[in-house]
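Here the protein sequences come in this chain order: A and B.
For the first sequence, our numbering assigns the number 6 to the initial residue and increments by one for each residue that follows.
For the second sequence, our numbering assigns the number 453 to the initial residue and increments by one for each residue that follows.
Take the hints with a grain of salt, since some may be wrong.
With a straight-line Cα cutoff of 30 Å, these simulated BS3-like cross-link-like pairs (lysine-lysine) come out [claimed, not checked]: (1) A:62 x A:14; (2) A:62 x A:76; (3) A:14 x A:76; (4) A:62 x B:510; (5) A:62 x A:19; (6) B:501 x A:76; (7) B:501 x A:14; (8) B:510 x B:521; (9) B:521 x B:501.
Derived from the structure by calculation, the hints contain no laboratory data.
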Amino acid sequence: NAGVTQTPKFQVLKTGQSMTLQCAQDMNHNSMYWYRQDPGMGLRLIYYSASEGTTDKGEVPNGYNVSRLNKREFSLRLESAAPSQTSVYFCASSAGRGTGSYEQYFGPGTRLTVT
Amino acid sequence: AQSVTQLDSQVPVFEEAPVELRCNYSSSVSVYLFWYVQYPNQGLQLLLKYLSGSTLVKGINGFEAEFNKSQTSFHLRKPSVHISDTAEYFCAVSDYNTDKLIFGTGTRLQVFP
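Chain A on its own, in the form it takes in the complex (with noise of 0.2 Å):
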């Protein structure tokens, strides 16, 4: 199993050029999340999906959009880049509501610099 997968795992942007940050789990997973990490700030959470077809607000939504394409796949898009954007983002997944496991397990993250 390789758990949780994210691409690219390094990328540079320049200020309004978009892109499409690539999560993928292979557990069968019914929620996944994608976090933003910043010095101090541990992580906070961008967005989020409960399942197939659900994509909720987290913490700092401003500026992304996201898809949950199917169960294993939960992109996150930047429309146009800005400087506040640059950070490493972790996707994660877990098992959801209900089913008694509440772990999230993580990718290996996604260093984006946006200059």
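Given chain A, work out where chain B should sit, using these hints.
Leaving out everything else, chain B in the frame of chain A:
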């Protein structure tokens, strides 16, 4: 609303010394509690979790944590640290009604030889 406070942003310690990383939470409902570890340039890995039952929880790599409901704390401890324990440690909380986690700001543990 739930929140998590990690009281120390950095904890320096010598190898083989004991360490405690502190975590306090606030919540109006019953919670699940987690500690994650992040090694440099990697994702987060679960160290241990408290869901119910015994308040002393043992995790991987010799770490343990104690849930104290009256003090709303979930401190992480290790009796003897190793250089390889150098990493950032995150405390997180979720409640019974959601599968979202709220993370603390992290504690950087630096182990010196």
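How the hints compare with the structure:
no.	hint	verdict
1	A:62 x A:14	holds, 24 Å
2	A:62 x A:76	holds, 18 Å
3	A:14 x A:76	holds, 22 Å
4	A:62 x B:510	violated, 34 Å
5	A:62 x A:19	holds, 25 Å
6	B:501 x A:76	holds, 26 Å
7	B:501 x A:14	holds, 28 Å
8	B:510 x B:521	holds, 17 Å
9	B:521 x B:501	holds, 15 Å
Violated hint: 4 only; the structure is consistent with all others.
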